[in-house]
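*Asks:* With the sequences and hints as input, model every part of the structure.
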Amino acid sequence: MLLDFNSEKPIYLQLAEAIEDDILKGIFEEDTQVPSTTEISINLKINPATAGKGINLLVDEGILYKKRGVGMFVCNGAKETILKKRKEAFYNNFVLSLLEEASKLQISKEEIISMVERGQGR
Amino acid sequence: MSTIEVKNITMNYGPVKALDDVSLIIEPNKIYGLLGRNGAGKTTLLNLITNKIFPTQGNVLIDGEGAFENDRALNKIFYMMEKNLYPEGMKVKEIYKWTREYYSLFDIEYAMALSEKFGLNVNKKIKSLSTGYTSIFKAIAALASNAEIILLDEPVLGLDANHRNMFYKELIANYSENPKTIIISTHLIEEVENVLEEVIIIKEGKLIEKRSVEELLNSAYVISGEADKADVYLKGRRYIGEEGLGKFKSATVIEDSSLKDEALAKELNLDFAKAELQKLFISLTNS
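In order, the protein sequence lines correspond to chains E and L.
Heads up: the first sequence begins at 944 in the numbering used here, then just goes up one per residue.
Heads up: the second sequence begins at 1014 in the numbering used here, then just goes up one per residue.
These are calculated hints, taken from the structure and not from any lab test.
Check before you lean on any hint, since a few could be wrong.
Stated by the list, open to error - The calculated lysine-lysine pairs, modelled on BS3-like cross-linking and capped at a C-alpha distance of 30 angstroms, are:
(1) L/Lys1106 - L/Lys1065
(2) L/Lys1043 - L/Lys1287
(3) E/Lys988 - L/Lys1130
(4) L/Lys1248 - E/Lys1047
(5) E/Lys952 - L/Lys1287
(6) L/Lys1242 - E/Lys1009
(7) E/Lys968 - L/Lys1292
(8) L/Lys1223 - L/Lys1065
(9) L/Lys1292 - L/Lys1223
(10) L/Lys1248 - L/Lys1287
(11) L/Lys1182 - E/Lys996
(12) E/Lys968 - E/Lys1047
(13) L/Lys1106 - L/Lys1138
(14) L/Lys1292 - E/Lys952
(15) E/Lys952 - L/Lys1106
(16) L/Lys1182 - E/Lys952
(17) E/Lys1009 - E/Lys988
(18) E/Lys1047 - L/Lys1242
To be verified - Label pairs and their in silico Cβ distance ranges:
(19) L/Ala1286 - E/Lys1009: 40 to 48 angstroms
(20) E/Arg1065 - L/Arg1251: 30 to 38 angstroms
(21) E/Asn986 - L/Phe1067: 37 to 45 angstroms
(22) E/Leu967 - L/Ile1066: 55 to 63 angstroms
Quick reminder that beta carbons are idealized off the backbone N, C-alpha and C, glycines included.
*Replies:* Take a look at the structure:
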């Protein structure tokens, strides 16, 4: 888990995304424990309140859950939840701006599809 | 859980106003950064909170009680001073024992364990410690005090990068285990930025900022790209810390980051980045 302290994104969001990435990569598997807020804040030298904010975000989104007195765990189905969320973000951040730029450059839908195929063939 | 209330404090040293009508509330269990340039009044403020000196005007309340001549209030606070006031002939381990006389919750075992981690020889006399180890010794005493409020004046003075790294980690570990109010006065803003929850900035004896780090950082943002185009974006906006390198330019725009003009930046091919506390601090305290 590495954060970019120069990034425009707030630290707590970066932390939440880094944990999500690790879940997608299988570093943290479903129903297994993730590092505690304390471990994370010590390790990354960030304020525990900041780390807590990132973790709570994932709890609210149904990606992590708290076992009282034990720690934080990855929810069953977390991978699916993250993929669904990321796909939505992919559509908003990439597809929409791609279509906008394509219309500026007068690129047709067929041309876009052939470009995608060309990219995949690389 | 102790709240410190600084009420309209003015401190005059002869004709010099070291602090000028400063009021602030320090909430319990947060990590604060006390920032200011040399001579801004940081140490004066810490000395006033701990009753080392008396204000010309105003007062300090700890949980609603006056701090002046009030041992009960003062025992809630451990003050790691930049100056060394310990008896120089005493050994480190003797001072740990001695400190417990004043701070009944002082954890000697923990202090010894930390000393070992940092390679501090507890059989050494205070006067024979290097600058770095004097800081380490004082920081350990503060962390082990188990006081509700700890004030750290330049805690990493003379520490090498490795020891500074260890110190921040131990500080966070200590805080996580036993939440307490921590006020860190430091010049090394960059490395402490992410450790802090709130900042207090004083300039020439006046309080100019008391906000969460997140809020403060959101009150500005950095823009960078080709100089001519950056100038177009910057026109009519308040900005600081302009830096150029060849045709490249970057500047910190003093505007809430939610107000940034993404469309214009895209058109001009400019990039956004997060404002740095250090740069904001320089601009806020420069005049």
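*Asks:* Each hint should be assessed against the structure and marked as holding or not.
*Replies:* Comparing the hints with the structure gives:
no., hint, verdict
1, L/Lys1106 - L/Lys1065, "25 angstroms, holds"
2, L/Lys1043 - L/Lys1287, "23 angstroms, holds"
3, E/Lys988 - L/Lys1130, "18 angstroms, holds"
4, L/Lys1248 - E/Lys1047, "27 angstroms, holds"
5, E/Lys952 - L/Lys1287, "7 angstroms, holds"
6, L/Lys1242 - E/Lys1009, "49 angstroms, violated"
7, E/Lys968 - L/Lys1292, "37 angstroms, violated"
8, L/Lys1223 - L/Lys1065, "24 angstroms, holds"
9, L/Lys1292 - L/Lys1223, "17 angstroms, holds"
10, L/Lys1248 - L/Lys1287, "20 angstroms, holds"
11, L/Lys1182 - E/Lys996, "19 angstroms, holds"
12, E/Lys968 - E/Lys1047, "36 angstroms, violated"
13, L/Lys1106 - L/Lys1138, "9 angstroms, holds"
14, L/Lys1292 - E/Lys952, "18 angstroms, holds"
15, E/Lys952 - L/Lys1106, "45 angstroms, violated"
16, L/Lys1182 - E/Lys952, "23 angstroms, holds"
17, E/Lys1009 - E/Lys988, "23 angstroms, holds"
18, E/Lys1047 - L/Lys1242, "21 angstroms, holds"
19, L/Ala1286 - E/Lys1009: 40 to 48 angstroms, "34 angstroms, violated"
20, E/Arg1065 - L/Arg1251: 30 to 38 angstroms, "46 angstroms, violated"
21, E/Asn986 - L/Phe1067: 37 to 45 angstroms, "43 angstroms, holds"
22, E/Leu967 - L/Ile1066: 55 to 63 angstroms, "57 angstroms, holds"
The structure fails to meet hints 6, 7, 12, 15, 19, 20 from the earlier list, while all remaining hints are met.
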